[in-house]
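Enquirer: Listed here are the chains, written in short residue letters.
Protein chains: 2
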Amino acid sequence: MTTTAATFDAAAAEASDGGPVVVPVALGDRSYDILIGDGLIGRVGALMAERLPGARAAIVTDANLAGLHLDALEAGLEAAGIASSAIVVAPGEASKSFPVFERVVDAVIGGRFERGDAVVALGGGVVGDLSGFVAGVVRRGMRFVQIPTSLLAQVDSSVGGKTGINVAHGKNLVGVFHQPDLVVADTAALDTLSERHFRAGYAEVAKYGLIDDAGFFAWLEANHGAVFAGGTARTAAIATSCRAKARVVAADERETGERALLNLGHTFGHALEAATGYSDRLVHGEAIAIGMVLAHDFSVRMNLASRDDADRVRAHFSTVGLPTRLADVPGDLPDADGLLKLIGQDKKVARGKLTFILTHGIGQAFIANDVPPSAVTDFLAEAAV
Amino acid sequence: MTTTAATFDAAAAEASDGGPVVVPVALGDRSYDILIGDGLIGRVGALMAERLPGARAAIVTDANLAGLHLDALEAGLEAAGIASSAIVVAPGEASKSFPVFERVVDAVIGGRFERGDAVVALGGGVVGDLSGFVAGVVRRGMRFVQIPTSLLAQVDSSVGGKTGINVAHGKNLVGVFHQPDLVVADTAALDTLSERHFRAGYAEVAKYGLIDDAGFFAWLEANHGAVFAGGTARTAAIATSCRAKARVVAADERETGERALLNLGHTFGHALEAATGYSDRLVHGEAIAIGMVLAHDFSVRMNLASRDDADRVRAHFSTVGLPTRLADVPGDLPDADGLLKLIGQDKKVARGKLTFILTHGIGQAFIANDVPPSAVTDFLAEAAV
Ligand SMILES: NC(=O)c1ccc[n+]([C@@H]2O[C@H](COP(=O)([O-])OP(=O)(O)OC[C@H]3O[C@@H](n4cnc5c(N)ncnc54)[C@H](O)[C@@H]3O)[C@@H](O)[C@H]2O)c1
Ligand SMILES: NC(=O)c1ccc[n+]([C@@H]2O[C@H](COP(=O)([O-])OP(=O)(O)OC[C@H]3O[C@@H](n4cnc5c(N)ncnc54)[C@H](O)[C@@H]3O)[C@@H](O)[C@H]2O)c1
Ligand SMILES: [Zn+2]
Ligand SMILES: [Zn+2]
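Heads up: the protein sequence lines correspond to chains A and C, in order. Just so we're aligned, residue 1 is where the first sequence starts under full-length UniProt numbering, counting upward by one. Just so we're aligned, residue 1 is where the second sequence starts under full-length UniProt numbering, counting upward by one.
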């Protein structure tokens, strides 16, 4: 969906009948819908009864969500006659680990859930990635329902079937592609999300503009206040993001090509997350906000993009309160060589050469497969100043 | 491949040019070949160079194989210019566990193997199932080469893409479907396999006859001596088995239907393996030998098959030295109710009803989805006498 600044139309991203916005993800016999709307958590039971008849629900959630939205989910499931049990993990990235994975696998199997039953992820990207991996491997694949509750999960991690956990060597290095059967994004759930995490998710929203939709980015520059406030602008931003991701995923499910564009800012970003120990020092969306600014700056340095565009990106992220510089990361960071080493451990390495998503300007990202490591260290050494 | 006793032709199962027998597995863009022949381990390097150009090899093997056939594999890889490193696990079913899985995953990632590199399984079904699961999840899927060295692995576990590990709740309950890119079955490797494990693998060979190829079963009744002795009869039996499995897998990759026929004897068998703690008291092939006899006896009891056919099955397995009765299992077993409980935990349970593979006679197995649990306990109580 490439639009120009003049033609981006937020209203077109909404459902006309006041019901949930439906974004189909076209993947042949693995196709599914993303439903976006206000107050949908309580309707998941009815939706499952209709779309996954007979499936019981092995809910996976984190302790934050368990205190906020689990009751509504369980009430709706019960009303629909769907048996469920809930497995609660600790909030935070540390739950995307082997020990927690093993514990959830055991709990799902111990709950006697079968292939036709569904793992139901209620939470942010951490819960979604972890439980999607569980759904992908228990009995070699169970059904899977995502109820993303963070903005990041609603616009990014719940769509597309990438699941996984982290290991000592790096982030998301272990997992499977396992598409959900249904994604239900309740925009009302975002009202309990912290400002910080809303902002972090916003970085992924802006990413879709930066990749190939300059019009959407321009609309965000003008309307970010309304998006943060909630209401129709927020719903429009979420639906536009989901459509953009759905289109890319449908074209390249297994990331053999175009899908890599979604990693804009992520090679730098993952290195920063590794450097800060995947801790609260820097959450994913903050890391990739810096990463996207760096990707634009690096593109300028490689004479690929204009300084003006890179400055617009930095300015917009600053305006909404996202970090944009290495210096914005609290605490010490490794030097340029140390960061390069972390980048090399990132999974977007093809046969020893560095792959980056670079850009010719806002809305003009592309895959660069052969970036010389020395150019990266030189650039990072300057950026660290 | 259904043949009658009169038409089964062992010679037709062999390659005519003296080269390896090639059995194609037709799975669209996941198609691959099984190569069967004498002394192939040393040629895996050349085969990989030709068929998986550029892939490095993360060898996974067990301590027994490491002492017997790893050198030949490594020499061939080196001669072909393929970098490799070997990860050695303990022999035996206990290696199909979360801790070993995690260790191998870490070793593969730590060895900086990438998506385009291959996990190379050198060993029996344990090594194949474990390392196939690793290949399926590291970086969300690496390439995978199987070098099955046990008879069971050559005729069964290396073909079809089922991978996985065991958990406390049961066998193979965690894993993925991950097809290999190449399977190389070196029949010479079987010369170092123990009699006991050769016999256990033979149970799976006979299974293909019992499922839908009465002619093959009759040929085995007449030629088992030659199959055990090695040479062309052994190769013919292996190739016939691989063709049978390849056909079923091609028709039903994800076991939504016909593929379940391959579980003949396995529901009872898995319960016996669970009851004996997956220990050396009873290896997989022995467990399913008993399981297949029980499946025939149970079918007789349900008035589905003739006593004559069931007796032929028991007699043949006895002749080759396989166990055929619950009483043949060394040590104590749970009673009928205890066994039923273990059966219920087996994964071939659909929405609470018991699914068994039953038979109308030799070569006439079918899927029975609605077996009353009480019929099973009654039958087992008698069988235990
Ligand atoms: N699979 C993919 O394609 C993909 C894409 C992008 C990111 N990710 C992954 O997503 C993860 C980050 O996701 P995230 O930012 O959602 O992190 P998260 O799941 O840790 O959620 C952030 C915090 O917000 C809380 N929270 C979530 N929803 C809430 C709500 N409605 N109300 C109150 N609190 C709420 C959580 O408990 C947590 O403390 C990372 O692990 C990243 O790797 C995956
Ligand atoms: N994936 C599938 O479709 C599938 C199908 C059937 C069985 N299986 C699994 O396969 C496993 C059983 O396989 P297995 O019987 O090969 O067990 P195994 O891998 O434990 O091998 C049996 C023993 O023989 C040794 N061995 C193997 N090859 C040898 C050789 N050439 N020379 C000397 N020693 C050798 C091994 O070290 C081991 O001690 C079970 O875990 C079962 O669940 C999987
Ligand atoms: Zn991201
Ligand atoms: Zn078997």
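Warning: the hint list may mix true and false statements.
[To be verified] Calculated lysine to any residue pairs in the SDA-like style (CA-CA distance at most 20 Å, straight line):
| id | chain 1 | residue 1 | chain 2 | residue 2 |
| --- | --- | --- | --- | --- |
| 1 | C | LYS341 | C | ALA368 |
| 2 | C | LYS341 | A | ALA384 |
| 3 | C | LYS341 | A | ARG112 |
Hints in this document: simulated from the structure, not taken from any laboratory.
Enquirer: Next step is simple, just say for each hint if it's right about the structure.
Expert: A quick look at each hint next to the structure:
no.	hint	in the structure
1	C:LYS341 x C:ALA368	19 Å, holds
2	C:LYS341 x A:ALA384	62 Å, violated
3	C:LYS341 x A:ARG112	12 Å, holds
Taken one by one, the earlier hints fail for this structure only at number 2.
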